[in-house]
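Asker: Sequence:
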Amino acid sequence: MCAQMAEADGILFSLRFPEGCYEFISPSVEALFGFSPRDFYANAATALRCVAPDWREQMRARMEDMARGDVAAEYSFQIIDRHGQLRWMRQRQILLSMAGGWRVVGVAQWLPAPPPDDPQPLPESRRRALDEGWSEQVVLRLNLQSRVMEYVSPGIERITGRPAADFYANPTPFLEVISPEWRGIISRWAQELAQGFLRPEYEYAVQHTSGQQRWVNQRGTIIRNAEGRPAVAQFVLFDVTERRGLEDALRESDQRLRLLSENLVDVIWAMDENLRWTYMSHSAEALLGLPVERLMARSLPEMFSHESLAGIDQALAHWRGQDKPEADAEPSWLGLELFDANGGLVPVEVLARPTFNAQGRISGYCGTARDARLNRHMERVETLLSRLAKSLLECEDLAQSQALASACAEAVTGARRVVAAHRDPDTGLLRTPEGPPPCAEPGALSLAVLHAGEEVGRLIAWGVPPEHAAEARQLLERVASLFALAVTRLRAEDSLRKNERMARKLLESMHEGVWAMDRDQRGIFANERLAAMLGYSVPELLALSPTDVLAPQHLQQALERMREHRLGLAASADCELRRKNGTLLPVRLNSSPILDESGGFEGLVCTAEDLSEHRLMERELRNNQARFEALYELSRFASSTEEQTAEFTLREALRLTGSTAGMLFFVTAPGDRLTFMASVGGANHHGADDAPPSFRVDDGSPWAQVCARAAPLIMNDARSLAGRLPPGHPLVERFLGAPALDDDRTAAVLGLTGKPCDYTPDDGLHVSLLLDGMWRIVRGRRDQVRIQASLREKEALLREVHHRVKNNLQVVSSLLDMAGRRLPDPDARRSMEEVRAKVLAISLVHAQLHGEGAAQAETGQGVDLERYVRALFRQLREIYSGNMELSVSVLLDGLALGLDQAAPLGLALNEILANAFKHGRKEGEAGRVRLRAWRDEDGDVRIEVRDQGPGLPPGFSPEHANSLGLKLMFGLVCTQLGGKLSLTSQPGGVCAHIRFRPNIAE
26 MCAQMAEADG ILFSLRFPEG CYEFISPSVE ALFGFSPRDF YANAATALRC VAPDWREQMR
86 ARMEDMARGD VAAEYSFQII DRHGQLRWMR QRQILLSMAG GWRVVGVAQW LPAPPPDDPQ
146 PLPESRRRAL DEGWSEQVVL RLNLQSRVME YVSPGIERIT GRPAADFYAN PTPFLEVISP
206 EWRGIISRWA QELAQGFLRP EYEYAVQHTS GQQRWVNQRG TIIRNAEGRP AVAQFVLFDV
266 TERRGLEDAL RESDQRLRLL SENLVDVIWA MDENLRWTYM SHSAEALLGL PVERLMARSL
326 PEMFSHESLA GIDQALAHWR GQDKPEADAE PSWLGLELFD ANGGLVPVEV LARPTFNAQG
386 RISGYCGTAR DARLNRHMER VETLLSRLAK SLLECEDLAQ SQALASACAE AVTGARRVVA
446 AHRDPDTGLL RTPEGPPPCA EPGALSLAVL HAGEEVGRLI AWGVPPEHAA EARQLLERVA
506 SLFALAVTRL RAEDSLRKNE RMARKLLESM HEGVWAMDRD QRGIFANERL AAMLGYSVPE
566 LLALSPTDVL APQHLQQALE RMREHRLGLA ASADCELRRK NGTLLPVRLN SSPILDESGG
626 FEGLVCTAED LSEHRLMERE LRNNQARFEA LYELSRFASS TEEQTAEFTL REALRLTGST
686 AGMLFFVTAP GDRLTFMASV GGANHHGADD APPSFRVDDG SPWAQVCARA APLIMNDARS
746 LAGRLPPGHP LVERFLGAPA LDDDRTAAVL GLTGKPCDYT PDDGLHVSLL LDGMWRIVRG
806 RRDQVRIQAS LREKEALLRE VHHRVKNNLQ VVSSLLDMAG RRLPDPDARR SMEEVRAKVL
866 AISLVHAQLH GEGAAQAETG QGVDLERYVR ALFRQLREIY SGNMELSVSV LLDGLALGLD
926 QAAPLGLALN EILANAFKHG RKEGEAGRVR LRAWRDEDGD VRIEVRDQGP GLPPGFSPEH
986 ANSLGLKLMF GLVCTQLGGK LSLTSQPGGV CAHIRFRPNI AE
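Numbers in the numbering used here are just positions in the sequence shown, counted from 1, shifted up by 25.
Treat the hints loosely; a few may be bogus.
To be verified - Below, in silico cross-link-like pairs of lysine-lysine (BS3-like), each with a Cα-Cα straight-line distance of 27 Å or less:
| hint | residue 1 | residue 2 |
| --- | --- | --- |
| 1 | Lys605 | Lys530 |
| 2 | Lys523 | Lys415 |
| 3 | Lys992 | Lys947 |
Stated by the list, open to error - Restraint-style ranges between C-beta atoms, simulated for each label pair:
| hint | residue 1 | residue 2 | range |
| --- | --- | --- | --- |
| 4 | Leu609 | Ala528 | 29 to 37 Å |
| 5 | Arg405 | Gly314 | 19 to 27 Å |
| 6 | Leu418 | Gly625 | 22 to 30 Å |
| 7 | Gly45 | Asp365 | 55 to 63 Å |
| 8 | Ala124 | Ser330 | 44 to 52 Å |
| 9 | Gly314 | Ala428 | 39 to 47 Å |
| 10 | Pro356 | Leu275 | 18 to 26 Å |
| 11 | Arg644 | Asp965 | 55 to 63 Å |
| 12 | Glu272 | Pro356 | 26 to 34 Å |
The hints are simulated quantities; they were obtained by calculation from the structure and are not laboratory data.
Think of the CB as a built atom: it goes at the ideal place given N, C-alpha and C, for glycine as much as any other residue.
Use the sequences and the hints to build the structure in full.
Answerer: This is how it looks when you write it as structure tokens:
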């Protein structure tokens, strides 16, 4: 009670030291100073801001004394209230000791008048000095008689922007700084002052030179003269621009709060500590359908349900059980139910908190109540939509998903019927479980179900009230989004199943084996191909780990590769896998890791390519390479002896088959014995005789059996032959024999032994091919020797024939010469000479082939054209006793013609040169014949013969002449040579041109 009385007259406070902070200050401080208790709690220096400037230094000194424990029992001072007025306060206080410090508790009361012990007024000089030291206030002294300022403190410049000297001339400058809208009012106030009427305070706006408008609060007093008339007015001006701004903001805030309270849907309420209603906003009437007065007259049991009362009791017990007030605590949330005018229950959400008095006791309760029916409805909607989302996520059937979406849409919208149709991706038509959807009636809601901009279905609702259509459409959109996800998921899963089936078929049809495992190396998939490759069934293979099928020598490498796979690296390697029967299968293993979205290792996929055929091909390729190298090296023995060739063949056969001993025999021409040619590993012979063995083809030895069979023989267990082998036969454990056939006859036999393992058909193939190549070389060399001997015989016989033909032709020439000399007629002798020249020309050809050209005769190069022409010219010159000269230019690089062309060409040239001797020179001059031969770009031989005679008679046509010589020339060149002959007459003589395609002598 004492605290309440003291708070009514003043301000209670409690300061704790040595911290120097407020423990408590009464709420009435806000009404006086405009600062809330919280401001004092946060900063104790806020109290100095409320003290008048003249008293601040003194009060700061008193606060320092309190911090040292020196407390004055009572003193008075001036403060500035929230309106800027100076007021007197008296403060009484006591010092209380406490653990760890002390506490100052007191009360500050405002005084209606200065205390009796108020100090005397300061001297004028001191007062003026203090006035000029103020920066936040302005002191004015106005002579009311002259209307002239007697004094203006410098602080006027901060408010108006003009110095104090500008205001001493007359009142006009002061009126200039007043805002225009206030100048008329200030003039009226000045008239009142002249009459001695002074208002308690004046508040108006002035204009700063910067253009800014500032508000001032003016308070003062009138000093009268001896006659009692107003003489001087003294004023103090305070800059209250910030306060006016705060007041304007506060008024605007109050207006907004009032509008908010009147229009707020939530119910604002308050009650005292006895749970009696003290305030309730008008929104409660709209919520419960009863007037506010009737509602406030109700008790809590009349307003709340039984369950709600239990929640209220728990909240009250919680608040009342607190040790100290929690004014800043968060409000409590309560879910309650109120009775409306019809007795029904209205769910509300209540935010409530207690209020505390100065002693920290609960003085009442306040809060808000909000209608929760919409929230409850939305909670129900959210629950239904959540169930729908979960059901659609678990649903695997499209028709069932449509039924679930339809039922949920009907429940949340209240529609009479809702149909969920999906659009068939193949036909593009809408489909429901019952078939095509019914036609939409007028007023029905139809909403497209979209996913990624594509329409995947449609929701159609009937029976929705028009006033709820907008809300129903929003709810349908949420159902549509869930239905779209379900349809898309089911389509994706269906597509995924199809792709999985196709992928499985693809994997099953692959030629390679496929094995997939998880991060723990447990099998999750294996195709039939891999199972068939290893001889397991698929379930058996999935139950195995990689270490169960890998060959032991590859396990360490596999562990290293697995560490690389876990880092996301793929690998490929050749290795061997163990089949179910224990055999090893060579494979090429390609491994790729399966990574999740973050790059973590999820598993491994391996493909195994069967390398069995590849290895066989490689082995065959190596064998072929070895055979090729052996045959190639063997081909270089074409000029070697048969013994050298046989020895090399045996060594290569040993290398190709891995044998350590062997023999090679040739079969004699009668075919009754095997003649030794080469051997390796002679230490295995029976006896110590170093003579090479020789066997009959019927002695029963393995070599003899090969010769008789005329086919390869493989004996991998030939120890049974030890007692039946002939004397001198080497010991045989394993034997491989192969024959070399000359037509159908066995020509050679090669036998090998000493191989650590069994011989194979491949070994027989190696030896057969090698031996066949050797025999072709041997047989080729033998055939070459026979052919060369036969050729030498034929060449000798041919030379003898040509020599005898040449001699016979020379005998005929001599007989013609003898017969010609006996003829008395010169023409007959000339004809005989011409015949003799033709015979000599043919004889000269044979002489060139196998007579005088011994080198050509031995090499068979034919007739050299240049040499033949020169010899023919000398021979004709002897016959015709002429002094003709011959110039020969042959550009044929040693062209030699065969007999079939040399003979007709020689007769044709004989006729041309004979005509040159007879007609190819002028009277009394020495003749000259130029012969030039060359080959043109087409390969034809061209021969040109020029003389220096008078030329052909005018009108003479060589082609149609009756001369036997010309007919002979044309016949020889055109018919036998297959060429062309032309005779042209020129001023320098006759030119004969022959062109034909040569048959070069070989």
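Asker: Are the hints correct? Go through all of them and say.
Answerer: Here is how each hint holds up against the structure:
no.	hint	in the structure
1	Lys605 - Lys530	holds (25 Å)
2	Lys523 - Lys415	holds (25 Å)
3	Lys992 - Lys947	holds (25 Å)
4	Leu609 - Ala528: 29 to 37 Å	holds (30 Å)
5	Arg405 - Gly314: 19 to 27 Å	holds (23 Å)
6	Leu418 - Gly625: 22 to 30 Å	holds (25 Å)
7	Gly45 - Asp365: 55 to 63 Å	holds (56 Å)
8	Ala124 - Ser330: 44 to 52 Å	holds (50 Å)
9	Gly314 - Ala428: 39 to 47 Å	holds (41 Å)
10	Pro356 - Leu275: 18 to 26 Å	holds (24 Å)
11	Arg644 - Asp965: 55 to 63 Å	holds (59 Å)
12	Glu272 - Pro356: 26 to 34 Å	holds (30 Å)
Of the numbered hints given earlier, the model fails none.
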